[in-house]
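Letter by letter, the chains look like this.
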Amino acid sequence: MTTASPAVSARRGATLGWLRRLGTPKVIIIVVVAGLIGYLALVPLYYLIWGTFFDADGFTLGGFARAYGDPRVGDMIGNSLWFAVGSAVLSLVVGTALAYLNVRTDVPFKGLFFAASIIPLIIPGILYTIAWIFLASPDIGLLNKAIEPILGPGFFDIFTVWGMVWVEGLHLSPIVFLLMVAAFRSMDPSLEESALMSGASRWQVFRRVTMPLTRPAIVAAVLVMVVRSLESFEVPALLGLQNGIYVFTSRIYFVLRSYPPDLAAAGALAVGLLVLALIGVTISNLVGRSGKTYQTVTGKGFRPRPMELGKWRPVMGGVIVLYFFLTVVGPLFVLLYTSLLKFYQAPSAEAFASMSLDNYRQLFDISDAMTALKNSLALGLGSATLVMILMAVGAWIVVRSRIPGRQLVDHFSFVPLVIPGLVLGLALSFVYLRSPVPIYGTIFILLIAYCTRYMPYGMRYAVTSMHQISAELEESAQVSGASWWQTFRRVLLPLLSPGLLAGWIYILVVSFRELSSSILLYSPGNEVLSILIFEQYENGQFTVLAALGVVMVLTLAVLVIIAYKLGAKVGLRQD
Amino acid sequence: MNTAPLSGRRGGGPAKRALVSGSALVLLLSGCGGSPTATAPQAATGGGPSAAEKLYTEVNGMNGQQRRDKLVPLAEKEGALDLYTSMTSDVADAVLKAFEDQFNVTVNLYRAGSETVLQRVVQEQKAGYQGNDVVETNATELFDLNTEGVLANYDGERRRMVPEAGRQQGWTATRMNLFAPSWNTGLVTPEQAPKTWEDLADPKWDGKLAMELSDSDWYLTLYKYWEKQGKTGEEIDKLFDGMARGAKIVKGHTVQGQLLSAGQFSVAASNYSYIVQQAKAKGAPVDYLPFVQPVIARPNGIGLMKTAKHPAAAMLFADWMLQEGQALLAKQGLTPAIVEGDDPLKDVEIIPIDVEELTKNGDEWNKRYDQVISNGEQVDGN
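If you read the sequences in order, they're chains A and B. Using our numbering, read the first sequence as starting at 1 and increasing by one per residue. Using our numbering, read the second sequence as starting at 1 and increasing by one per residue.
With the rest of the complex left out, here is chain B (with noise of 0.2 Å):
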């Protein structure tokens, strides 16, 4: 029997072949599926209302404790919530751990920056797998969500009590993250410290102000709200100009609280008020109080999803978190959405980012808060 043309050359022969059947069996492999990366259907809302959606529009309607009693027993059968979320694990760990105590309901938690929530989202709502039932995460990555079309309507007597600018189509606001200027008061006496907006672009923070590397929403909503006070858009420009002069720009706001009560800087722009608070709560030198007004406020909030695969719990997970949830929320330092009784903000202007334009016009803002923030570094003689 003849098998020379088979074997080929000495020893390279059959391993050859095998080499280049399996690059083959790899093209082969990758190749189908057409293009990743182009917008696919989207396989899991096409057609008419979901079965999820069809629970939500009938509860929606429903107040006060009927509602409660629609939702308990269809949620406790379901068993389980699967919760995406871009909540700190400190706050997510009691959310969780007094909703599980109240109900019947397991609560699985995927948690990660808001960028990832809403790649992970996006991503499996194009494969068509229910991965999550219930979103919470940050407004802007909200808006992106309801435009992706994947988040249903949800409403009810606590969503009604949320301020206009935390309804959104797809989405409620839950808890508020505020803007608001800090400083080390080791180094800056309660006189020195700024009192409006327009004081960090004082020459005198020249070299001891920080500045956070991505919060162009901060930037974007400082610079309407200014429009809005009757400035010039060359007035704010020479405003953010005196900030960014000499700054010193630091990705995170973590880091930036860290080196804030290190003494690295002796002003931080745009940090959030909670981390300094729970700063200061350990006894670190810093502040944030009173208030550089207009505070500026980031909603976070939650959306339910068209393809939940438990939607009483989804449902009841939202209701909660706008109703026992907000008390909660408060105790773990946040700010909630709902105001309701004695609201310790009472006497404070706040202004919430404008998230339509955000999302809009989003990468021109980015483009430009980087060309603000990189014009730091353009420090002549000082």
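Here chain A stands alone, though its shape is the one from the complex (with noise of 0.2 Å):
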């Protein structure tokens, strides 16, 4: 048969070709990936800068003059960049400094460290600050009470910047902490060795080798850190009001508080924050590229093997002790207690008599309590899960690819750190609102909304692990014929593990906290956790509300020490 002319049939042959090639599982994943990447992030921007630039009578800059004019903006600016810089700069020394003492040294008490690390991060961020204002309050800190014959009354001022520092450094130092254990667990001993060999000391090791191959690291928990401090509103309103330190956050505070909310001056703030990030993204990626310089995963075996402390050993045991009291037991200490009395008081003899489980029985009784474990278990799993998924997918387009452009993949990832969770709630509503897709309504929203906030933390965690590996082993694979997808998930996944697997935990675990976007989106069966946490505490029943948090905390910690025994078997191992 002669029917199709030459032309066609060649033109059908390339375009065939063409699809071929498109077709590969390669263009197939990075093309979905990008586009939920983009998807994810672009939804709730669009509707951000739209209601920042514009109004009813088109294009504006009002919001800036009503975010940026209070008389009081430079206080505020001053506060809060005292407050982010000096919790980022808090969390990053103890986070680094427990990582590196438990992956890289024989420090004893190794048990007590993920106690440490992850504690903090589960108890919801009120919950923690109020067991502090009880532990350090002037007025009635036991703290106080406890060194007052010692030192006098009032000695710990919680409601000052630095006690908004301590509170908000302490609760943020396990992302620092999750990071930095990926980057020093996939880091090659012989250099340091090497330098030991040379006669440097273990401190200069540690300064001029060790510091320096984390350094992309380093920076993403930097950029996250001030990013997040610079947003947080709990720290502040419940430690600074009260002596009046105001920060810029409580300037969103006042203006989504409004109806109509000034979407305009949020949106200003927001787009503030958004500017310092980008910046924070490019130049951490600059850092990240220079070179092989961070490769430390590469094709020569290698066994990360601890460093014996020597005389320091017991040192050090007793820092982490300390460091434990003071952050984990303390606080968990204060919940305890309070779970278990009827009303908060200061311990004495008529306190512990009238202690009870009647708080923890009441928690039995809420009705949703079930559905809402249920619901955040399968939230928190689900968006870990794929977020990190995709983000394994991101930052191999990010760091490893050279398609032009893929700098945006890492911009838009990082784009739902800066928007404030109601305006994702109400970008997100309005979106799926509109949808064919019956979304609204259904779980599946809150998951969008989990995997859009939670991106931008995913890619760090997984753009920091993808710099440590070499590109030699991917080129190893597929000299030897592996393809691109059996090169990912044989050879870079298992590699990425650490990482992989950290962010996955932060996730699951912030994810059970997660409340300004859930409120507005969920519906009646889909309640989550942190829902039931905001009704206890608009009920007035703090006592039921400190139960709350001992119950989550027990459950996290499980499921956290179930991830690291399962993920243990996969990647590095130690030994």
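Since the hints were derived computationally from the structure, they do not count as laboratory data. It should be emphasised that the depicted structure is a prediction, and the values quoted were computed from it without experimental measurement. Just to be clear, a hint being listed does not mean it is correct.
To be verified - Below, computed lysine-lysine pairings styled on BS3-like, alpha-carbon distance capped at 25 Å:
| hint | chain 1 | residue 1 | chain 2 | residue 2 |
| --- | --- | --- | --- | --- |
| 1 | B | LYS309 | B | LYS70 |
| 2 | A | LYS342 | B | LYS126 |
| 3 | B | LYS126 | B | LYS54 |
| 4 | A | LYS374 | B | LYS97 |
| 5 | B | LYS280 | A | LYS342 |
Each chain sits in its own coordinate frame; assemble them with the hints.
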């Protein structure tokens, strides 16, 4: 048959070839992942930008005037920066030190580490902050009461910027810890050993070899920390306001409280944060990109071996125990103690006599408690897994591929970090109320919200790990005939697993606390735990809330332990 | 066959195109739909009265048993009620249980803070989505909802028993939240306790008084009350400045109540009496009685949606809240809107919050209150 002209068949052949090329798993996966990241980021961003720059009369900059025009704005920026930089530095130092000690040394009490690093993350911010008020308020703080005979009354004052830095820094340090554990795990100790052999002191090695090698992780941590604390409102609201310390985000709170919410002003503040964050992402990629400097996972076999601390071992052990008591036992004790009382009162014989398990019993009476626990688990596991899978590919696009515009993927993935939760909720409900696919009113809209909110963290964890893995491993796999997908699955994923696992745990844990978008988007039957917390809070049932906090800590601690046990079976093994 | 122009450079070609087309798709997806924040047409309420409104109009004229007999079979046929509320969960649980026990209607409950409830209803209405039949929340938010034109007219003999301040267009008050000063009885003796609102400005409370971050409605109402009493603006400002001087600013009434019983401060200027009552009932060293008068009341009310999917159930619920529900609310420690029989508050002067002023000039009052409390930090010398 000769019906088709040669030209047509040639074109068809070309088209087919083109389709075949496009149809490879690599291309499909890249398109889907880049598309999803872009989609998740652009929906709220578009809503935010539109709300910021346009009102009923067209283009406007009024939001900026309202957001930045407050006479106290100078003070606020000063307080915010002090608070944000302070918290970032504290969490960085604490998180890095703990991670280093844990992964690279033979420090004792390693079992306490995960508790010390994860529990502050699990305790809902409001409970953690109030626990600190009960510990370190100059008027009623238990710590102050305890040291009063020695140092006089009101030695610690939690209602200061330093107090805010302390609470926020400790609350954030798990993010750094998880990032840095992954980074240290993927590091070849032979580099440090060579330095030691050449006569460098331990401190010099740490400063000149270890730290520079983990720079991508450190930059990522600083970036996330600063943005997070610039945005944080819970801690400044509970600790700062008492003495009139206003921060920048109290503006966002005020402008979103009115009706209709002043999206333009909230957007103007978020745009400011966005600009800061994008500069940060760019810098972090420049730092990460400079050659093979950070690629510590190479073709050479290595086993990270713990360094012997020698005579410092007991000292470090003491430091760990002290830290553990300060950040975990203290606040958790306050929660546990409060959860057994009828109302909070300072410890006394009378208080101990009145203790009961009533609050826990009441917890079981809450009609939606089991549904909420189930939903939170499903959403936490679902969003953590989805985000880390997407971001593993996303990180490959950003770090490894040579596709022009790949930086956009990184930038998009960072966008949700600066979008206030309520704005995200409004944007999603706007879109899905109009979508022909019935997503609004189901649990899937919460899943989308969570994936959007936690994408930035997932991306930081994945990109940081990717920077450490040398391309030569992939190249060898490909030379040996593996397809892109095989290489990705069999070589890259296992090597990335410490970072991916860390991100997964982080997302799982914080998703249990997400409230600001959940509360707008949930529907009857899809309640989540954070909504129960909010309800108990609204009810004024602080003691029940404390009981709920204790239960959450236990549930998540078990999950995290299981995850680590499973995680230890894949990827880089330690012994 | 020549595919060279299509394959591009080694490695990156198809992937690059794919990425570009992916982003283009994304831009396209998110680009359509127009302005998300400009006022959208009120899709659901255009044209003549909705089916739900026709039913409301018909039943609004009925009374007593006849009205109940009309609504119950219809409501039970509808079988469900979608309720959005900012009632606290302990109250909501009790209310729902009683309602579901009495009628064969399943209540689907969405519960959030009043601002969130407002946002949710407005978002859904603008998209023409029938999410709820009834909304039960704070006066301010109900007022905004009525301005959006989504609430239907509701009338009946029970509504007419509600005090005038609670009978608003589009909604009807069901209960009151009472603002009153409260104190820690371990730190403040009955003699020292504040007797008037003016007492709070006394320098003896410097560093011992707590004010709440967002109580501008309380501020506005007390301000207007004092104005009516003949105080000048200057005198009033001085009183509030006196309160704010050295005041500890707290976010959230729950936290305020909790810290009050813990002794973090001695007096809370404007907490809800029910929060203090709950703590007191558990034995916490706090009190708010005798009331500092006038007690400032924020009405909470109920509104029927024009777009209700279950209008009979909605109306039955409103009727029931104003009848059987009132006793139930009282049992939960709240202050019902309709006073029947022996009124525990009959000797107490209660003034409702000026909702209309708040809605019209709320932003300005917010700013003024914000100014007042932020002066609390500027304590010098003590």
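Against the earlier hints, flag every one the structure doesn't satisfy and list their numbers going up.
-> Of the numbered hints, just 2 does not hold.
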